[in-house]
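Sequences listed follow chains A and B, in order.
The first sequence begins at 1 in UniProt numbering and counts up by one.
The second sequence begins at 1 in UniProt numbering and counts up by one.
Any given hint might turn out to be false.
As the list claims (entries may be wrong) - Residues from chain B that keep clear of chain A, each with C-beta distances beyond 10 Å, as calculated:
1. S8
2. G33
3. A99
4. V100
5. L103
6. V106
7. V133
8. P144
9. G193
10. V244
11. L267
12. V269
Said to hold, decoys possible - Taking CB as the label site, the calculated pair distances span:
13. A:L150 <-> B:M189: 35 to 41 Å
14. B:A25 <-> A:A286: 49 to 55 Å
15. A:H78 <-> B:L214: 40 to 46 Å
Claimed, not checked - A few chain A residues facing chain B, derived, Cβ under 10 Å:
16. A115
17. T128
18. E130
19. Y316
Please keep in mind that the hints were generated in silico from the structure rather than gathered at the bench.
Quick caveat, the model's predicted, so the values are computed rather than measured.
Think of the CB as a built atom: it goes at the ideal place given N, C-alpha and C, for glycine as much as any other residue.
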Amino acid sequence: MNVIKAEGLTRVFTGRPDRKNRLRRSRHVAVDHLDLSVEAGESVGYIGANGAGKSTTIKMLVGILVPTSGAVTTVGLHPLKQRRALARRIGVVFGQRSQLWWDLPVRESFSILSAIHGLSAADERTRTAELVDMLEMGEFLATPVRQLSLGQRMRAEVTAALLHRPELLILDEPTIGLDVLSKQRLREFLVTQRREHGTTLLLTTHDMGDVERLCDRILVVDHGRLAFDGTLDGLARTVGARRELVVDLATATGDLVDLDGAEHVRSESDGLRQRLAFDPQRTTAARVLAAVSERAEVLDLSITEPDIEDVVREIYRATRR
Amino acid sequence: MRQLPSPSRNPYWRFLVAGFRGQSAYPLATLAGLVANATFGLLKGGIMGAAVESSGGELAGYSAATMAAFVWLGQGMLGSVNFWGGSDLQTRIKSGDVAVDFLRPVSVQAANVLTDVGKGLFALLPRGLPSVVIGVLVSSMALPPDAAAYGLGLLSLLIGITVSHATVYAVATSGFWLVETRGISVLYMAVSGFFAGLFTPIYLFPDWLLTLALLTPFPSMMQFPIDVISGQVTGAGAAQHLGVQLVWLAVVLAVGHLTTRAGRRRLEVQGG
């Protein structure tokens with residue numbers, strides 16, 4: 001079953017009339033004849049540069065923005081005409097907006113949302129307890145939302161979107177601003193939710209880690225059109241999503257070229273620090289490190305992941321050619 | 001006997017309670033509001049009392065006691081009705097947070113209006129009651145003559161608070177078209193209080209101005225509830241007041257409903 005189906009989806013924003021020529025208005029095509037279908041149970045990462053049309057698409061999918069033309073159904077419903085029916089079956093988290101009651105304790109927000117979604121008192125108790133346990137929210141359930149840390153609030157936001165067990169969970173920048181640990185905890189939770197409830201996931205993000213750990217399908221949008229639709233492997237093959245191993249060595253060493261599976265990028269401080277790129281699909285960081293250790297003593301190391309911006313830029317370059 | 005469903009399962013009841021409880025989070029602001037109410041109440045009471053006295057103890061149907069009731073009941077209602085024209089919806093449209101409201105399977109209008117009514121009802125406790133107590137202590141303020149006046153008065157007060165917030169909601173929906181609606185709020189602030197009887201009873205207005213006031217929902221927000229609570233209007237007159245209030249409630253709710261429906265299609269949620 002198609003959870004999301006968009007055909008020729010287009011949204012044009014028109015600006016204010018020009019000062020000199022009243023008939024002329026600026027036009028911006030945010031989403032341009034987008035065709036999209038997402039099957040039940042898929043986990044889709046929707047990525048693209050700022051202004052590429054990600055948020056505009058999502059707003060049309062959930063019925064808070066009217067398409068200029070084209071058609072869209074979400075869980076088989078018309079997002080504008082069947083707003084309330086749709087709201088019962090999807091969950092949405094906007095990383096930059098809150099669906100919680102600012103002045104009330106977290107627990108109270110969950111309870112109001114349960115009533116909004118028509119959960120019985122017993123169901124509210126079990127579902128809330130389940131989510132509170134999984135996301136470790138027990139210690140701040142009685143805290144007013146305005147006093148939560150960002151990490152705590154995001155956990156509460158995700159819970160708020162999942163109380164009614166939606167078929168489709170849409171996450172718009174869910175990990176923005178979170179520290180590494182909070183990100184990891186949230187990702188693990190989402191993976192579990194998906195496995196246990198078969199929830200379909202659609203998320204936009206600027207974080208490659210989100211995409212790698214959560215998504216089995218990736219859509220790259222550019223100027224409102226799809227520039228890539230495929231798996232993470234396919235994306236890596238297209239743009240070479242390589243990682244970089246940075247090693248600090250005990251002594252000044254010549255450039256570490258001809259390492260098995262890794263490519264020397266550059267050396268700093270007379271070879272005390274060297275950067276090596278490798279493809280995680282073909283080798284592992286451990287193997288590269290072992291190869292380096294044979295030639296020099298490693299004092300410290302770090303691994304940098306490719307920026308989603310770089311991946312997107314590569315895709316754009318590949319498709320605009 | 002069939003068990004009645006618990007109100008806690010009703011989302012609209014929960015919005016009302018959320019507004020009520022949310023407001024209780026700001027005790028200092030509430031106290032400041034009370035002090036302001038009381039100060040202006042003393043000022044207004046002095047001026048209006050002098051006006052009654054100088055017209056020989058009776059002015060447009062008001063005695064010194066009923067005029068004091070007009071002043072202090074009005075001051076008591078100030079925290080519960082909205083004469084400044086701004087609202088949460090107004091800010092939420094501007095920030096785009098209104099998107100969250102539309103992603104809930106409930107009426108956006110009912111959710112917003114009931115939350116505001118909940119806030120208004122809370123304000124009756126720390127601001128409404130103390131204002132009346134101050135009024136009783138510092139003036140010869142007339143109190144409701146009988147139980148019926150209390151009952152009808154409270155009902156009229158409740159409708160008045162709801163008319164006020166439903167009207168402000170309808171005004172805020174203009175944001176779907178304009179985004180920036182501070183100008184409209186300022187206009188609302190200038191007009192609403194004046195016609196609602198915030199400064200003087202509307203019955204002191206010249207006939208044409210009184211007629212104009214009665215063609216707006218504003219007297220239903222404050223003047224009419226005060227008339228009924230203070231016993232200035234009783235019996236059939238009180239019933240008529242309540243009837244007019246209910247008509248206005250229906251009108252402003254209908255307008256807000258239509259503007260929400262039309263405005264939703266215009267909505268361009270700002271930002272990511």
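Status of the hints after comparison with the structure:
Against the 10 Å criterion, B:S8 falls within the reach of chain A, whose nearest CB is about 7 Å from its own CB. With a minimum CB-CB distance of about 16 Å to chain A, B:G33 clears the 10 Å threshold, and the non-interface call stands. Against the 10 Å criterion, B:A99 falls within the reach of chain A, whose nearest CB is about 5 Å from its own CB. Against chain A, the non-interface label of B:V100 is violated: not every CB pair exceeds 10 Å, the least being about 5 Å.
For B:L103, the condition that its CB be more than 10 Å from all CB atoms of chain A is violated, with the nearest at approximately 5 Å. Chain A draws B:V106 into its interface by the beta-carbon criterion, the shortest separation being 6 Å against a cut-off of 10 Å. The claim that B:V133 lies off the interface holds: its Cβ sits roughly 27 Å from the closest Cβ of chain A, which is beyond the 10 Å cut-off. For B:P144, the requirement that its beta carbon stay farther than 10 Å from each beta carbon of chain A is met, with the minimum near 34 Å.
Even its closest Cβ contact with chain A, about 27 Å, leaves B:G193 beyond 10 Å, as expected for a residue assigned away from the interface. Interface exclusion of B:V244 from chain A stands, the closest Cβ pair being 33 Å apart, more than 10 Å. The claim that B:L267 lies off the interface is violated: its Cβ sits roughly 6 Å from the closest Cβ of chain A, which falls inside the 10 Å cut-off. Non-interface call for B:V269 relative to chain A: violated, since the shortest CB-CB distance, roughly 5 Å, does not exceed 10 Å.
The hinted window of 35 to 41 Å between A:L150 and B:M189 holds, with their beta carbons roughly 36 Å apart. Checked against the hint of 49 to 55 Å, the C-beta distance between B:A25 and A:A286 comes to roughly 53 Å, which is consistent with it. Between A:H78 and B:L214 the beta carbon distance is about 44 Å. The supplied range of 40 to 46 Å therefore holds. The beta carbon of A:A115 comes within 5 Å of a beta carbon in chain B, closer than 10 Å, and the hint placing it at the interface holds.
With 10 Å as the threshold, the beta carbon of A:T128 stays out of range of chain B, its nearest partner Cβ sitting at about 14 Å, so the hint is violated. Annotation: interface hint on A:E130 violated; nearest CB of chain B at approximately 20 Å, more than 10 Å. Hint status for A:Y316: violated, given a least beta-carbon distance of 20 Å to chain B, over 10 Å.
When held up to the earlier numbered hints, the structure conflicts with 1, 3, 4, 5, 6, 11, 12, 17, 18 and 19 and fits the remainder.
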